[in-house]
Amino acid sequence: MSVLVYTESDNGKFKKNAMEAASYAHKLAEQLGTTVTAITINVEDSEVIGNYGVSKILKVTSDKLSIFNAKAYATAIAQAVENEGASAIVVSSSTDTKYMAAILAGILKAGYCTNVVAPPISTNPLVVKRTAFSNKGFAHTQYKTATNIIGVSNNAYGIFENNLSPMVEDFDPKLNDSDFSVQSLNIDKVVGKATIADADIVVSGGRGLKGPENWGMIEELAEVLGAATACSKPVSDMGWRSHSEHVGQTGKPVASNLYIAIGISGAIQHLAGINASKVKVVINTDPEAPFFKAADYGIIGDAFEVVPKLTEKLKEFKAQNA
Amino acid sequence: MKILVCISNVPDTTSKINFTEGDTKFDTNGVQFVINPNDEFGLTRAMWFKEKQGATITVATVGGATVEPTMRKALAIGADEAIRINAEPTDGLFVAQQLTEVIKTGSYDLIIAGRESIDYNGGMVPGMMSAMLNYNFINTCIGLEIEGNTATAIREIDGGKEKISATLPLIVGGQKGLVEESDLRIPNMRGIMMARQKKLNVLEPIDASFGTEDIKFEKPAAKGAVKLVESDNISDLIDLLHNEAKVI
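Residue numbers (this note's numbering), protein chains in the order written: chain H, 1 to 322; chain V, 323 to 570.
Be aware that a few hints might be false.
Keeping only pairs whose Cα atoms sit at most 30 angstroms apart, straight-line, the calculated DSBU-like set for lysine-lysine is [to be verified]:
1. V:K538 - H:K109
2. V:K426 - H:K293
3. H:K293 - H:K15
4. H:K193 - V:K485
5. V:K485 - H:K15
6. V:K347 - H:K144
7. H:K193 - H:K210
8. H:K109 - V:K549
9. H:K15 - V:K483
10. H:K189 - H:K13
11. V:K549 - H:K313
Hints listed in this document are in silico derivations from the structure and should not be mistaken for laboratory results.
Can you make the complete structure from the sequences, with help from the hints?
Structural data, given as structure tokens:
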């Protein structure tokens, strides 16, 4: 009856969301009076996840699973659920895991809540709090099934250390060729740069920047902060920046600790996509821009003057606080 | 090729979100409903297949009679027929089972749904259906070509994209990129007139289990006013972000 957590990794190393998911699973297990088992796929030092309250690890090592495949991963995790007799499964909210977990929920006929932002409100029955209406509301959602999947939002619950020495068990899921019938042909991925999904800080530029040639200062600011760069919809529609940087309702969702909007007026569709960010800063010449109503901190001013100065001051700050 | 496009009837993006009946229900009062944006990209891509490669398009939804204007709009855009399953779409698992029944009966080659609806943001129905039907499934799909029995798709991943190949029947969780926003169609008068003649079949739901139930809603806490920093005192902003917000 343990809680099972799928701890996601990239290139053999746990992702930050694996620690968040494990921390959440530990909290849930505490409330249920049980322990946490993690399933890891192709992670070398899998014991590390014991630092976040995991008692047991089902360690999968498989060349076939070296490239993410949603169906095959879901099938493997479903077998781990059975192996552990788990009634609660905790997963993250990355693009890959949302893809996988929906299939897993279908296999297990499990109730599944995505975008969960707080520890369970109750465990009998199991009720969780999740965002809904594109961050314009929250729902308290009660599970109706025997097996339940909880999808924890990025940057919502937090990371908590609970140092345990986990028991590591090799786990060999039975996979058929049909589990790999969706085939990856080619992956085109930015390496060595913070991504919008994983970054703690996102620096985003809008139409106020007047043209793609002015993005240097956005990138410079992002570099000082170790941030990912993003843009508003008009900017990607005009081809100033790639679609993969578009954040908002129809673009990528953002749930960072800090979101800095530069020259973005704050259309409702944009705010819907970034509202899950904890702290929002706006820099805009127009004091009437709607973003000032959504932001925590603001500077009314010309981005072309403010941003280079901000970058300069941040460099000094970083040098002092290094 | 037979295409099924699964559609959610959702509040327009600009809607004010309020709750009623002791915060247990979404307040639909004065709310304008539209085709879920992610589904509309899928429907438009389906129209491209219909016009360039020959296909028939059925749209399906789970909902009460109030969703019919949204279905008529999908027919006016160019879908050939519509199916409404007469039940409240209470949770993803329930909806997935209902639509799975439609897919089995209609034996579609390609099923396009949105990656998520913009109301409850579950993002689970297409994946659940793929498991129940044992069909191939590609999520967050931003490009889709079909040749014969094979689909080549582009999927958005964190930090990039992935090119994927899969055979039909295939379920797709679509989003912007399947077509561009400028390709979306506003129904013209001829389309609206023709839509009136098209079949909108109403089916009763099958017995199905529920995954979850929303028992209460709340609105985000009212946000304090923005703290403005003078553009001459940028160090103040750094100070606030470091000492007050503690995010740098």
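Which hint numbers doesn't this structure obey? 2, 3, 8
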